[in-house]
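Fit chains B and C to the supplied structure of chain A, relying on the hints for placement.
Protein chains in written order, with this note's numbering: chain A, 36 to 302; chain B, -2 to 470; chain C, 402 to 618.
There may be inaccurate statements among the hints.
[Unchecked claim] Chain B residues, not near chain A, derived (Cβ > 12 Å throughout):
#, residue
1, D17
2, A72
3, A87
4, E89
5, H121
6, A126
7, I167
8, D168
9, D176
10, E180
11, R183
12, F184
13, E209
14, G261
15, E284
16, D467
[What the hints assert, rightly or not] What the simulated footprint calls covered on chain C by chain B, stretch by stretch (three residues with Cβ under 8 Å from a Cβ of chain B suffice, anywhere in the stretch; the number is not a length):
#, region
17, 402 to 415
18, 420 to 429
19, 499 to 513
20, 527 to 537
21, 557 to 564
22, 578 to 589
Keep in mind the hints are simulated off the structure, nothing from the lab. Yeah, the Cβ is synthetic: ideal placement off N, Cα and C, and Gly gets one too.
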Amino acid sequence: MGSNGRDSVIDDRPSPRGKRVSLFVTCMVDMLYPETGMAVVDVLEHLGVAVDFPPGQTCCGQPGFNAGYRREAKQVATQFLKAFQDAEVIVAPSGSCAAMVRHEYPRLFADDPLWGDTARRLAAITWELTEFIVEGLGITDLRGRLPAPQTIAFHDACHGLRLLGLGQAGRALVDKLENAAVVEWEPGEICCGFGGLFSVKMADVSGAMLHKKIDAIEQAGADVIVTGDVSCLTHINGGLEKQGKPARVIHIADLLAEGVRHAKPVE
Amino acid sequence: MQNRSNDFIPAAQVAIHDADLQRAVSFGTNAGYTRRRAAMFAAGEAHGQALRRQAAAIRRNCLNRLPELLAEAEANMTANGIRVLWAIDAEEANRQVVEIARRHDARAVVKSKSMVTEEIGLNHALEAAGCVVLETDLGEYIVQLGGETPSHIVVPIVHKTRESIRDLLIDRLSMPPTDDAEEMARFVRETLRRDFLAADMGVSGGNFIIAETGSLCLVSNEGNARLVTSLPRVHVALVGIEKVVATVEDYATLTQVLPRSATGQAMTVYTHLINGPRRANEPDGPEHVYVILVDNGRSGIYATTYAEALACIRCGACLNGCPVYQVTGGHAYGWVYPGPIGAVVTPLLTGLENASPLPYASTLCGMCKEVCPVDIDLPRMLLDLRADLVAMGRSEAVWTVGMKAWAGGVGSPATYQLGGRMAALAGKVVIGSLPGPLKGWTVYRTPPRFAKKPFRRLWAERQSRREERDEQP
Amino acid sequence: MSSRERILERLRQRERPFPEVAAPAVYRPMVEIADTSPAALRARFIGEAQKAACAVHEVASPEAAIDLILALVGREATLSAWDPAQIPLPGLASALELANVTLVGQDAGARVGLTGVDAALAATGSLVLMSGPGRYRAASLLPTVHIAVVAAGQIMADLESWLAAQKVTAPDLMRRFSNVVVVTGPSRTADIAMQLVMGMHGPRELHVVLLPSVEGP
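Pulled out of the complex, with its shape left as it was, chain A reads as follows:
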C-alpha cells in the first residue's frame, strides 16, 4: 500500500521505552484543537508514559520554511530547540511537524555552532504519535473499545505517509480497537490539497483538490474519517462545513482516546 519511504534520516533511533515524553502539542492543536492535545495525553498516560509539557514551545517553523522563508523559520525553530533542549523523547500528534524537526532541522542548523548539536539530538528523539506507540513502545493493542461499532477510513496525511512512512502504525492501532472496522479506500492516500500556504496562494487549485477529497469521503461511506494531521483536518472539515455536509474528519488521537476511555477491563 502506498508508501515506499521508510524514514531514512534516522534509522537507529534509541528506544524511547521507559523515558519521559515531552509533548510537542503543535501550534494548531494548541490553538484550535486543545481537546485533541488532551486526548494525546490521555492515550500516553494510559500506556504508563510519563508526560510533560515544556511551556516555552510554540511552533516548529514549518509554515515559514515551506514558504521559502528559511531565516524566519530558523528563528521560530530556535525557540523549539530552546524549549525542548532537556527532553528525553519528544512526541507530536502531527506527521508534518515531526518530519519538519526530523528532516529539516539538521539541515537548517547544519552549520550553526550554537544550536547544531541540539538540533541533531532533538531530531533523533522526535516521534509522531502513532509511530511512537507502535514502533517506539512496541504496542499495537491499547486494549481499547469504541462504545459502538464503527467503520473507519483513513485519510493518510502526506508528510506522515511519505516522509515518515507512517501508513501502518495508525491502522494497526485502530484495527485492535474493539468495535472498529477499518475500511480501505484508494483516495485515502491522495493529497487533500492543504499544503500549508498553498491553500491560500493557490486557493483555486487547493479548492479543486479539496472538492475531490470530499467527493471521495462521501463515496467511502465510512462512519468516521480519521487522520494524523490537524492541518488536513482543518482544511477538509472547513470544506465539509462550507458545503453544508455532515461528515467530519477527526484526529486519530481523539479516536484512540475514546477507545481508551472505554477500555476493556483488565482481567
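The following block gives chains B and C in isolation, referenced to the frame of chain A:
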C-alpha cells in the same frame, strides 16, 4: 517554446472550470498511475523497489561521469559514421538543423516526438527556413493540427476528449465522421503514410545514448519513430546532454524501466538502437545521420544542488501521480515540461523570474518522489527553489512582511500566546472571510475557530487539579 | 572556443554531482526467469508474444512454415521481404516464385512483409531484428502484416542476455550494423482517450512462425 509559466494561477483556474479537461486528465492520469504500478511491481514490492534503486544508481553514476561519457559517446558515434554536433543553446541547435536541411536540399521534414525540439522551437525555425514540418506521433500530430502545445510528456493530448479529436480531424482533414478511435487512427495512418514516403529529412529526439557503443536509442509504440529514422535520406536527432549512459547494461535497465513507468509496458513495441547511416552493404536506411547534443541550460544545472533533476528519464509518472497536475492539466504550467518535473526544470532552464509560481504549485505531498523510477527528490528541490525565490527578493511584499511578523510573534512564547488570545477574541466576531492574502481560504472553507482555552491552559489547569489532589490527605 | 569545448568545460569546472553513488555492482535483469531451459524459454516466449498481441504459429516443419506463409500472403502479388538467404527456411525462395509472388525489398504498397530475426526474447515475447545485407528495414515496418520466422535456437531469455552475448561474440556489432530494433508486438497507440488501438504507423498484425525445436517439443 515561449514560456507562460508566470500565468500559472489564472491558467489553472481556467483549467479547473473546463469540465471536459477535468474528465480527460483525470481519466488519463489514473490510467497511467495504475498501469505504472502494475508494471513496476509485477514481481512484487521488493523487486520493484530494487529496479528503482538500480535505475537511480545508474542515472546518478552516469551523471557523475557526464563529461567523460559525452566525449566517449562522441568518439564512438563518429567512428560509427554519425556526425556529432554540439549546441550550447536553442538558437545554435536550430541553426544547425536548418544548416543540415539546406546542405541536403531537404524541404519536407517529418518528426517523431521530441521534447527537446519543443524546448528550442525547432518547428518554427525550420518553417521560417522554408521547410514543411510534420509531426507524426499521433498525439503530436493532433496537437499540431489544432495549433496547440502538448500537455503531457508521454500522452500529448491527454487533455482532449475523443469528441474533440474527432471534430478536429473532420474539420482540418475532412475525415469521414466517426467516433471510433481505431478508425481515426487508420485515417491518420493513411494520411501520414504519403508524407513519410515523400520526406527528405527525419527529425527525432533520443531517449538514451550509449557511450560505449556510440548508439542512439529510441523507444516508441506507433512505428513513426522507426519510419522517421529509416525512410528519409537524412536523419537528425536532437538529444539533451544528460541522456548519455555508459554501457549497454545501463541501457538495458533504463530502456525497460522507462516504459514500465510511462505506460505500464515491459517493453515498448519498438526499442531501437541507431548506430549510424546505412552501411555500404545495407539495402535501406538513411544516408546521413546527425546527432546534436543539446545543452540549453543543462550544464548550468549540473554544477548545482539541482543536478538530480537531470536524472529524469522523461517517463511522465510524476505527472500522473501529482494531485495538482490532475486538477490543472499540463498547459497551466506554461512550458514544455509540466507537472512536478516541469515545476523544477522550467525555472532552472528558463529562469526563476519567468516561472515564479511553479515552485509553489505543489502541496509537497511527496507522490512525485514516490513514483519516480529514479527516485528524484522533487519535493526537496521545490522547497529549495522557494527559498531561492525569497532570497532573490521575488516574493510578494505582503508575504515577506507577514512572515517577519509571524516569526517575531511565534518565535517567543509570550507573543505567541498573546496572538492566540487575540485570534480567539477576533473569532468571536463573526468573520465571513480571512484578511488580506489569506482570503482565498474562505472561498472554499469556513474559517478555523480559535479555542477559548488553548491546550496549555487546559494542561496547566489539569496540573493544578492534580497537585491539589496530591496535597489532599 | 567551440560549443563543444564550452559545454565540456562547464561540466568539468566544479565538483561533480553524486560522487558517492557507484554503478550497480550487479545488474539485475528486469524480469527474473527461474527456468532457462530451452523448453521453458520456448513456452515463455510463446506466452509473452501472445500477450503482446502477436499471433504465434508453431509449425511442425520448414515445409509447413512455408505453407503457412503462403497462406498468410494469400493472393498478394508482392511481398516485402528480407533476402530469403537471411531467413532460415530452405526452399522459401523457390516456393514463393512458384506461387508467383514477387519479392520486393521496399515496396510501400506491399500489404505483407516477411523477415527472419536475430533473436527472440522470452521475457517479453520480443524479436530482435538487425539491419544488414539483404535485410530491408521496411519489410518489418511498412506493411500492414509482418511475418517473422523464428528458429527455435534463436530464443534467448531477455534483452540483457542478448546484449551480453553480443559483447562476447560480436563486440563491434554496433559498428557494423546501422540499426537494431527490438519488436514487441504490432504497432499501437493509446493517444486517443487512452484507448488502445492496434496498428498505428507500423504493422497491425505480427505473425511469428516458430520452427520446431531440434531436440523435440
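Cross-check of the supplied hints:
no., hint, result
1, D17, "holds, 15 Å"
2, A72, "holds, 39 Å"
3, A87, "holds, 29 Å"
4, E89, "holds, 34 Å"
5, H121, "holds, 31 Å"
6, A126, "holds, 41 Å"
7, I167, "holds, 32 Å"
8, D168, "holds, 31 Å"
9, D176, "holds, 28 Å"
10, E180, "holds, 34 Å"
11, R183, "holds, 36 Å"
12, F184, "holds, 36 Å"
13, E209, "holds, 32 Å"
14, G261, "holds, 17 Å"
15, E284, "holds, 48 Å"
16, D467, "holds, 15 Å"
17, 402 to 415, "holds (count 11)"
18, 420 to 429, "holds (count 7)"
19, 499 to 513, "holds (count 3)"
20, 527 to 537, "holds (count 7)"
21, 557 to 564, "holds (count 3)"
22, 578 to 589, "holds (count 12)"
Checked against the numbered hints given earlier, the structure satisfies every one of them.
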